[in-house]
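*Asks:* Here's the letter readout for the chains.
2 protein chains.
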Amino acid sequence: MSHPERDTRQSIVDTAERFFRDIGYQKTTVADIAKSLRMSPANVYRFFDSKKSINEAVLARFKGELEEVLSAIEAEPRSAGSRLRDMLLAVHRINQARFTDQHRMQEMVCAAMEESWDAILGHIERLDSILRGVVVQGIANGEFRDIDPVAATRCIRTAMIRFHHPLLMAQCEKMPGPSAEQMIAFIMCGLERPPAE
Amino acid sequence: MSHPERDTRQSIVDTAERFFRDIGYQKTTVADIAKSLRMSPANVYRFFDSKKSINEAVLARFKGELEEVLSAIEAEPRSAGSRLRDMLLAVHRINQARFTDQHRMQEMVCAAMEESWDAILGHIERLDSILRGVVVQGIANGEFRDIDPVAATRCIRTAMIRFHHPLLMAQCEKMPGPSAEQMIAFIMCGLERPPAE
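Quick mapping for you: the protein sequence lines, in order, are chains S and E. Going by UniProt numbering, the first sequence opens with residue 1, and the numbers climb by one from there. Going by UniProt numbering, the second sequence opens with residue 1, and the numbers climb by one from there.
Check before you lean on any hint, since a few could be wrong.
With a straight-line Cα cutoff of 30 Å, these simulated DSSO-like cross-link-like pairs (lysine-lysine) come out [to be verified]:
no. : chain 1 : residue 1 : chain 2 : residue 2
1   : S       : Lys-27    : E       : Lys-174
2   : E       : Lys-35    : S       : Lys-174
3   : S       : Lys-63    : E       : Lys-174
4   : E       : Lys-52    : S       : Lys-174
5   : E       : Lys-52    : E       : Lys-27
6   : S       : Lys-174   : E       : Lys-27
Derived by calculation from the structure, the hints in this document are not laboratory data.
Construct the entire structure; sequences and hints are all you get.
*Replies:* Okay, structure coming up:
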């Protein structure tokens with residue numbers, strides 16, 4: 001069964017992503033996207049009220065992919081500590097592959113930070129909530145100390161900002177260490193209950 | 001005893017700082033600075049070979065002030081943990097007062113990050129070395145776990161980047177928590193040896 005409306009929406013997002021990647025967000029116009037799809041700009045505007053909304057849809061897809069990877073790790077039957085480690089590393093690796101050395105991709109994020117702060121905030125809160133789920137499990141099963149999971153999750157996310165934030169990763173490349181793995185190990189030290197002696 | 005050469009150098013840095021603050025780094029010219037001091041540009045160039053070098057001298061003064069505050073805390077006769085906490089908070093408070101909501105001041109830092117990376121790197125390494133001194137003392141006296149002080153110091157500095165970096169502090173103001181105090185408490189959890197039970 002086909003969904004013409006949904007398919008058209010999807011084609012617009014696909015085409016926009018290609019334009020943003022190839023010529024950059026700032027230089028792309030809604031007219032470019034429409035023309036490439038042999039549609040009228042008015043038809044594109046039936047689905048998205050602005051280029052900003054199209055950018056939000058492109059980024060929402062990236063965010064959805066990232067959140068899926070994290071949710072899959074969360075569901076694995078192993079310790080909270082090892083899942084949290086892998087989740088933090090997965091965000092780093094996915095964003096690094098997607099954004100480092102990809103100036104056009106960074107431009108999309110920059111634009112969203114200026115034009116679509118609520119969407120960015122929603123993504124941060126969604127990530128926090130997935131990470132917090134594992135933190136809560138680790139506290140409940142005694143792996144982690146008895147800490148406030150909300151504050152701890154925010155601290156973990158903030159400690160990793162240099163390794164997760166699409167723009168910062170590029171800016172911080174020239175800074176002296178640590179590696180993402182060292183940073184994660186340091187975070188886990190603050191979280192995990194020391195082994196009984 | 002007066003030091004005319006040193007005094008002239010000092011006046012150039014004072015005047016440049018005022019210009020950078022008032023009209024911004026990009027718009028200030030060496031000719032502006034010279035004119036305001038009733039000197040010829042050639043005379044300014046006897047002391048500094050470029051506007052970039054003057055900016056480095058202005059920022060070096062800020063960095064010197066920050067490093068002095070940290071060294072004073074380091075010398076206080078109290079636990080490594082309480083000194084490290086205060087040092088991390090001091091960097092946050094000093095940079096926050098100096099740079100947050102001060103777009104012109106952020107412009108100077110931006111320019112230095114592009115034009116004078118070695119100077120920035122030197123500052124990061126100097127801060128690392130002061131922090132590492134306290135980390136080493138804390139390990140030696142048993143307050144801190146037996147960790148690698150070089151890697152740990154880099155992790156501490158990186159975990160605090162959102163609270164210390166002159167540009168990031170402004171960019172991250174709208175992000176949900178944690179506070180600098182919560183972040184520092186979280187870092188100390190990873191560092192301090194748990195009390196014997």
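*Asks:* Compare the structure with each hint and give your call.
*Replies:* Against the structure, the hints come out as follows:
1. Between Lys-27(S) and Lys-174(E) the alpha-carbon distance is near 28 Å, which keeps this suggested pair within the 30 Å criterion.
2. Between the alpha carbons of Lys-35(E) and Lys-174(S) the distance comes to roughly 38 Å, so the proposed pair goes past 30 Å and is violated.
3. The straight-line distance between the Cα atoms of Lys-63(S) and Lys-174(E) is roughly 19 Å, inside the 30 Å bound, and the hint therefore holds.
4. Only pairs whose Cα atoms come within 30 Å are accepted, and Lys-52(E) paired with Lys-174(S) is accepted, the gap being roughly 20 Å.
5. Taking the CA atoms of Lys-52(E) and Lys-27(E), the gap is near 13 Å; set against the 30 Å cutoff, the hint holds.
6. For a cut-off of 30 Å, the pair hint linking Lys-174(S) to Lys-27(E) stands: about 28 Å separates their Cα positions.
The structure is inconsistent with hint 2 alone, although it conforms to all the rest.
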